[in-house]
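Participant: Listed below are the residues making up each chain.
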Amino acid sequence: MLDLKELERKFDEILYSFTREDLENWLRFAEEREQRERLEKFLEGNLPLNIVSVKISQRNFVGDISIQGLDNYNPDYAEAA
Amino acid sequence: MERKTVNNKEYLAGYHTQEFRVEGELDHPIRCDYKNAWLGSGYYFWTDIEFAQYWGEDFKVHHKEGCYDIYSAEIDTEKCLNAVFNEQHYFFFRRHIDKAINHFRQNGQKVTLKRVHDFLSEIWEQIGVTGIIYDDLPANPKNKPNRKYSVVEYEENRKVKFLYYKKRIQIVVFNLNEIYNFSLFLEEQS
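Sequence order for the protein chains is Z and X.
So for the first sequence, the working numbering puts the first residue at 1; every next one is plus one.
So for the second sequence, the working numbering puts the first residue at 1; every next one is plus one.
Hints are computed from structural coordinates only; laboratory data are not their basis.
Glycine included, every Cβ here is placed at the ideal spot set by N, Cα and C.
A hint or two may mislead.
With a Cα cut of at most 35 Å, we get these calculated DSBU-like pairs of lysine-lysine [to be verified]: (1) Lys10(Z) to Lys99(X); (2) Lys41(Z) to Lys114(X); (3) Lys144(X) to Lys5(Z); (4) Lys110(X) to Lys99(X).
Interface residues of chain X toward chain Z, partial, derived using beta-carbon atoms under 8 Å [claimed, not checked]: (5) Asp27; (6) His28; (7) Pro29; (8) Arg31; (9) Asp33; (10) Gln88; (11) Ile101; (12) His103; (13) Phe104; (14) Gly108; (15) Gln109; (16) Val111; (17) Gln126.
Taking CB as the label site, the calculated pair distances span [to be verified]: (18) Glu21(Z) to Leu163(X): 44 to 52 Å; (19) Asn143(X) to Leu4(Z): 28 to 36 Å; (20) Glu21(Z) to Met1(X): 28 to 36 Å; (21) Thr5(X) to Glu8(Z): 27 to 35 Å; (22) Asp98(X) to Glu24(Z): 15 to 23 Å; (23) Glu21(Z) to Phe91(X): 37 to 45 Å; (24) Asp58(X) to Arg20(Z): 37 to 45 Å; (25) Lys161(X) to Met1(Z): 38 to 46 Å; (26) Leu163(X) to Glu24(Z): 20 to 28 Å; (27) Lys9(X) to Ser17(Z): 44 to 52 Å; (28) Leu176(X) to Leu4(Z): 19 to 27 Å; (29) Thr5(X) to Asn25(Z): 44 to 52 Å.
Okay, chain X solo, but in the shape it has when bound (with noise of 0.2 Å):
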């Protein structure tokens, strides 16, 4: 991951993507809060440019433009749970979620993953937790054979499968007074 230190304080790069829009660029990040907000409404960044450019493939370029841009950002991360690096944030991150899905549950409340997200996210909030670093499996909707992380292709019950070899880290940030210097980065995408 990119790290930049201004004024002895660290910040961590971060890349939003969006589509192309003509009537100009963006000067802040769109929140994000409908179902593709894995962990709660908030700011999403990727800290490796090349999914940036992935999701973007496969995900911003079905509207009328069909071109995405890509901004980046640097994100104070000082509070931040860093679920894919630290150990310890990870577990109390793993932990936490199961503390409130039981919470949920023994309420008699039947409660989605992505729900209990929602939740969790005001929560954060208000204990002074400003983001969370966290990683899924890189995927390829697509098939496109172009992808880096897919180097391992391998065929399983007749099956073309992938292995995976490089983490797929996102950032979400839930206000914007931890990102700084967002800009355009990458215009017109396809």
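Next up, chain Z with everything else stripped away, as it sits in the complex (with noise of 0.2 Å):
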């Protein structure tokens, strides 16, 4: 049986915690998991190529991006992607 006022209390006290530095930082951080679960579905085969986006900053800049270029996928990579 759940206590729904105890429930509420130990929620607010989480949920005002969060600084708005921290909602940037979660929000950024949800964005860079996503990107990378979504590589690592498309490596394994589960995603068609069109549903992975892939951005290319200054830094990581590879030329052609091809298949190929994905399967050499290391942590960088990932942190660009």
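Now that you have both chains on their own, put them together as the hints suggest.
Facilitator: Pasting the structure below:
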């Protein structure tokens, strides 16, 4: 049996402890995690190429992106994606 | 919803649909944390075998094996929010989603509903909510004619529409500890 009053108290305590900066960081982290997961699923063959969005930063510019390029996946590359 | 009582404790029957695997059956459910995870990362079950089958037909047959499996399990829902049949739980659930959205907005952050659920799934666990029972509208994305929940067909603005009368109920469980007797229920369906 859930005690909703107690749950509400705990929930509010946690939620409102998140500052603007914490929320920004959490959203950035969630975005990166999702990109990484999409890339991993693509590499496993579970996603078509057109679902994977690849962003190229100047630092990591590698010329033409190819499936071979994605196969050479490494954490640095994922960070840029 | 099917309930099973073991040693005076009640469990909810759940059905978990996955691709058929030639390498053998699963011994635990697969955590869903991709875009279909509406209520955040967790183990998703249908409470109705019918919807588990529809999910398999619509979304789990497009891989190389072309078939799907359905697993059954018993789920301890004592500490789940039941947003389908418990009025207090439903309004509690809604209110806290709104709170989270407002907190993001008041702090200048744009956020999607999916992101809010991702965020909340971490909080639910921390405060001791082990899962959520919820429902959405049934869907028939391939317009399959044999769907029992689409019994009333009508036309509006020259488009055929369907009146759905069954709740499509799912349960998301945030960790494996609440899931018992996970086993293969229907194999190699297509």
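Participant: So, for every hint listed, does it hold in this structure?
Facilitator: Hints and how they fare:
no.: 1; hint: Lys10(Z) to Lys99(X); result: holds, 13 Å
no.: 2; hint: Lys41(Z) to Lys114(X); result: holds, 19 Å
no.: 3; hint: Lys144(X) to Lys5(Z); result: violated, 45 Å
no.: 4; hint: Lys110(X) to Lys99(X); result: holds, 14 Å
no.: 5; hint: Asp27; result: violated, 20 Å
no.: 6; hint: His28; result: violated, 19 Å
no.: 7; hint: Pro29; result: violated, 17 Å
no.: 8; hint: Arg31; result: violated, 12 Å
no.: 9; hint: Asp33; result: holds, 7 Å
no.: 10; hint: Gln88; result: holds, 6 Å
no.: 11; hint: Ile101; result: violated, 11 Å
no.: 12; hint: His103; result: holds, 6 Å
no.: 13; hint: Phe104; result: holds, 6 Å
no.: 14; hint: Gly108; result: holds, 6 Å
no.: 15; hint: Gln109; result: holds, 5 Å
no.: 16; hint: Val111; result: holds, 7 Å
no.: 17; hint: Gln126; result: holds, 6 Å
no.: 18; hint: Glu21(Z) to Leu163(X): 44 to 52 Å; result: holds, 48 Å
no.: 19; hint: Asn143(X) to Leu4(Z): 28 to 36 Å; result: violated, 41 Å
no.: 20; hint: Glu21(Z) to Met1(X): 28 to 36 Å; result: violated, 43 Å
no.: 21; hint: Thr5(X) to Glu8(Z): 27 to 35 Å; result: holds, 30 Å
no.: 22; hint: Asp98(X) to Glu24(Z): 15 to 23 Å; result: holds, 21 Å
no.: 23; hint: Glu21(Z) to Phe91(X): 37 to 45 Å; result: violated, 31 Å
no.: 24; hint: Asp58(X) to Arg20(Z): 37 to 45 Å; result: holds, 41 Å
no.: 25; hint: Lys161(X) to Met1(Z): 38 to 46 Å; result: holds, 41 Å
no.: 26; hint: Leu163(X) to Glu24(Z): 20 to 28 Å; result: violated, 44 Å
no.: 27; hint: Lys9(X) to Ser17(Z): 44 to 52 Å; result: violated, 35 Å
no.: 28; hint: Leu176(X) to Leu4(Z): 19 to 27 Å; result: holds, 25 Å
no.: 29; hint: Thr5(X) to Asn25(Z): 44 to 52 Å; result: holds, 45 Å
Comparing the model with each earlier hint shows violations of hints 3, 5, 6, 7, 8, 11, 19, 20, 23, 26, 27; every other hint is respected.
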